[in-house]
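In order, the protein sequence lines correspond to chains A and B. If you're matching positions, the first sequence starts at 1 in UniProt numbering and goes up one per residue. If you're matching positions, the second sequence starts at 1 in UniProt numbering and goes up one per residue.
Because the hints were derived from the structure by calculation, they are not lab data. Beta carbons: idealized from backbone N, C-alpha and C, even for Gly. Mixed in with the good hints, there may be bad ones.
[Said to hold, decoys possible] Here are the simulated BS3-like pairs of lysine-lysine, each with C-alpha atoms no more than 25 Å apart in a straight line:
1. B/Lys71 x A/Lys8
2. B/Lys131 x A/Lys8
3. B/Lys231 x B/Lys249
4. A/Lys37 x B/Lys445
5. B/Lys231 x A/Lys37
6. B/Lys445 x B/Lys31
[Claimed, not checked] Some residues of chain B that are not near chain A, with every Cβ distance over 10 Å (derived):
7. Asp122
8. Gly126
9. Glu127
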Amino acid sequence: MPILRADKGACQGYANCVVAAPDVYDIDDDGVVVLLKESVPEEDRQRVEEAARSCPVSALAVEDE
Amino acid sequence: MIDQAGVLGSVRRGMIPAHIYNDEHVFALEKERVFGRAWTFVAHESEIPSAGDYVVRRVLDDSFIVVRDEKGEIHAHFNMCLHRGMQVCRAEMGNASHFRCPYHGWSYRNDGRIVGLPFHQDAYGGEAGFKRKSQRLLRAPNIGSHNGMIFISLADDAPPLRDYLGDFAFYLDYYTKQSPSGIEMRGPQRWRVKANWKIGAENFAGDMYHTPQTHTSVVEIGLFREPKAEKRRDGATYWAGNGGGTTYKLPPGDLDERLRYVGYPDEMITRMKREWSREQCDVIGRDGFMISAATVFPNLSFVHNWPRVEDSEDVVPFISVRQWQPISHDETEILSWFAVDAEAPEEFKRLSYKAYLMCFGSTGMFEQDDVENWVSLTNTAAGSMARRLMLNSRMGLLEDGTEVSPSLPPERFSGPGIARTGYSEHNQRELLLRWADHMERPMPKAAGVEVGVNGQRAEAGK
Numbered sequence: 001m002p003i004l005r006a007d008k009g010a011c012q013g014y015a016n017c018v019v020a021a022p023d024v025y026d027i028d029d030d031g032v033v034v035l036l037k038e039s040v041p042e043e044d045r046q047r048v049e050e051a052a053r054s055c056p057v058s059a060l061a062v063e064d065e
Numbered sequence: 001m002i003d004q005a006g007v008l009g010s011v012r013r014g015m016i017p018a019h020i021y022n023d024e025h026v027f028a029l030e031k032e033r034v035f036g037r038a039w040t041f042v043a044h045e046s047e048i049p050s051a052g053d054y055v056v057r058r059v060l061d062d063s064f065i066v067v068r069d070e071k072g073e074i075h076a077h078f079n080m081c082l083h084r085g086m087q088v089c090r091a092e093m094g095n096a097s098h099f100r101c102p103y104h105g106w107s108y109r110n111d112g113r114i115v116g117l118p119f120h121q122d123a124y125g126g127e128a129g130f131k132r133k134s135q136r137l138l139r140a141p142n143i144g145s146h147n148g149m150i151f152i153s154l155a156d157d158a159p160p161l162r163d164y165l166g167d168f169a170f171y172l173d174y175y176t177k178q179s180p181s182g183i184e185m186r187g188p189q190r191w192r193v194k195a196n197w198k199i200g201a202e203n204f205a206g207d208m209y210h211t212p213q214t215h216t217s218v219v220e221i222g223l224f225r226e227p228k229a230e231k232r233r234d235g236a237t238y239w240a241g242n243g244g245g246t247t248y249k250l251p252p253g254d255l256d257e258r259l260r261y262v263g264y265p266d267e268m269i270t271r272m273k274r275e276w277s278r279e280q281c282d283v284i285g286r287d288g289f290m291i292s293a294a295t296v297f298p299n300l301s302f303v304h305n306w307p308r309v310e311d312s313e314d315v316v317p318f319i320s321v322r323q324w325q326p327i328s329h330d331e332t333e334i335l336s337w338f339a340v341d342a343e344a345p346e347e348f349k350r351l352s353y354k355a356y357l358m359c360f361g362s363t364g365m366f367e368q369d370d371v372e373n374w375v376s377l378t379n380t381a382a383g384s385m386a387r388r389l390m391l392n393s394r395m396g397l398l399e400d401g402t403e404v405s406p407s408l409p410p411e412r413f414s415g416p417g418i419a420r421t422g423y424s425e426h427n428q429r430e431l432l433l434r435w436a437d438h439m440e441r442p443m444p445k446a447a448g449v450e451v452g453v454n455g456q457r458a459e460a461g462k
């Protein structure tokens with residue numbers, strides 16, 4: 001199952017990921033990304049990878065187990 | 001500048017200075033005092049049925065995102081980014097969990113709260129520089145809904161929507177509540193005409209007098225059996241609360257027979273009788289009046305008619321909701337929706353839509369007839385001669401103010417408000433009286449909202 005990674009230090013609070021996949025990513029009150037899930041089913045991979053790629057500062061990744 | 005006291009005083013006497021239909025100074029005041037205050041229709045709930053559904057609608061220059069949030073609550077967000085003022089949502093309708101500004105990428109949840117603010121820490125020093133937590137797109141100062149019709153008011157001190165509609169709500173049910181499920185709306189068709197917005201609003205409020213003349217051809221080709229002169233004279237016009245409209249007098253019969261006469265199938269009639277009050281049923285069944293056109297001040301109109309759609313004697317009723325959205329003193333954007341009872345049989349919906357498209361909407365025959373007049377009127381009102389002309393809008397009144405036809409007693413008209421039969425311009429005067437009342441009253445300065453700081457800072461009077 002694809003594992004989600006987020007670099008909270010790199011995150012600049014664009015929230016592009018939240019717009020693309022609001023069931024997976026959110027932004028907390030401090031403006032930093034929050035992972036709502038640790039992993040996603042294989043069928044969600046493409047959609048979540050697109051959301052991760054939409055990050056302007058490359059703070060997100062989708063990795064294999 | 002305009003001679004405000006002179007113009008408004010004249011309008012209140014039923015003498016209309018012709019230039020108000022094409023005058024940029026009048027329009028500037030309308031913008032501030034009519035549309036800055038009145039409840040204005042923006043959408044129907046059936047246009048945004050699911051979480052994230054939105055439409056972008058305007059009140060003159062102000063764009064609003066009318067959206068259903070993830071919890072199902074409906075909002076009207078001022079469509080301007082809190083950062084540099086860019087229009088946040090540039091689509092006309094759609095479904096979105098978030099709205100992201102194209103300029104610097106700030107983003108907002110569909111309930112209006114800010115979510116994305118790039119480089120908050122680096123650029124602003126975090127919360128110490130910009131209070132991100134409490135920020136949200138500006139709300140329309142007031143939002144209200146009645147029978148699924150969503151209205152907003154830009155005035156902080158607006159009365160509740162239900163109070164504003166007043167007794168017109170009784171008549172609104174005929175158009176928007178023929179069953180417990182209410183209506184579903186399709187559209188809008190949207191197009192611009194070089195005509196002043198008030199002309200359409202007045203026409204739909206009460207102009208039974210134009211039908212036999214302007215729409216002759218529609219009768220001649222056999223599309224429509226009603227607009228013969230005597231049928232319009234026998235209909236009642238009513239004014240109630242902040243709206244009014246026209247009716248047709250139907251041939252003898254009871255409620256069921258009369259609803260069947262205009263083309264409603266029995267199953268819809270059964271639901272109407274369950275949904276409507278005794279008085280609402282009596283206007284049709286006992287008094288014999290069937291609602292036709294209507295206007296709610298300032299610029300929302302309705303129409304209900306029953307043309308032939310197939311090559312037979314059968315007629316099919318349709319309902320259209322329309323808005324006269326002012327663009328300028330001499331241009332109006334018409335938004336025209338098809339409305340139909342959500343519980344109506346599919347075949348009825350199909351034929352009713354066809355009936356609507358034949359009569360109204362950008363290609364409708366009635367629409368073409370009307371707009372030709374309204375554009376021409378607007379053109380003629382532009383010049384200096386129009387400034388000398390005080391149009392007589394006193395039809396139905398003698399010079400001393402005596403009414404030509406007395407109002408109908410409750411035994412002849414069971415609806416609220418004041419109703420009369422015969423030709424008159426009572427309703428057009430009622431509409432313009434409200435216009436004059438709004439135009440006269442200066443708007444209080446609204447409190448300013450500073451972005452990125454805690455709460456609001458009032459700047460009234462500055």
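- Message: Hint check: B/Lys231 vs B/Lys249, CA-CA at most 25 Å. Holds or violated?
- Response: 6 Å, holds
- Message: Run the distance test for B/Lys445 versus B/Lys31: straight-line Cα separation, threshold 25 Å.
- Response: At roughly 14 Å apart (the allowed maximum being 25 Å), B/Lys31 and B/Lys445 satisfy the hint.
- Taking 25 Å as the top limit, are the C-alpha atoms of B/Lys231 and A/Lys37 close enough? Between B/Lys231 and A/Lys37 the Cα gap is close to 68 Å, so the pair fails against 25 Å, i.e. violated.
- Does the claim that B/Asp122 lies outside the interface with chain A hold up, using a Cβ gap greater than 10 Å? Since the minimum Cβ distance to chain A is about 7 Å, B/Asp122 lies within 10 Å and the statement is violated.
- Message: Confirm or reject: B/Gly126 is not an interface residue toward chain A, with every Cβ-Cβ distance exceeding 10 Å.
- Response: 8 Å, violated
- Message: Check the hint pairing B/Lys131 with A/Lys8 against an upper bound of 25 Å on the C-alpha distance.
- Response: Cα-Cα ~20 Å, so holds.
- Message: Beyond 10 Å on every Cβ pair: is that true for B/Glu127 relative to chain A?
- Response: 8 Å, violated
- Verify the proposed pairing of A/Lys37 with B/Lys445, using a straight-line Cα cut of 25 Å. This hinted pair is violated, its Cα atoms lying about 48 Å apart.
- Item | 25 Å Cα cutoff - pair B/Lys71, A/Lys8 | 28 Å, violated
The structure shown violates the earlier hints numbered 1, 4, 5, 7, 8, 9.
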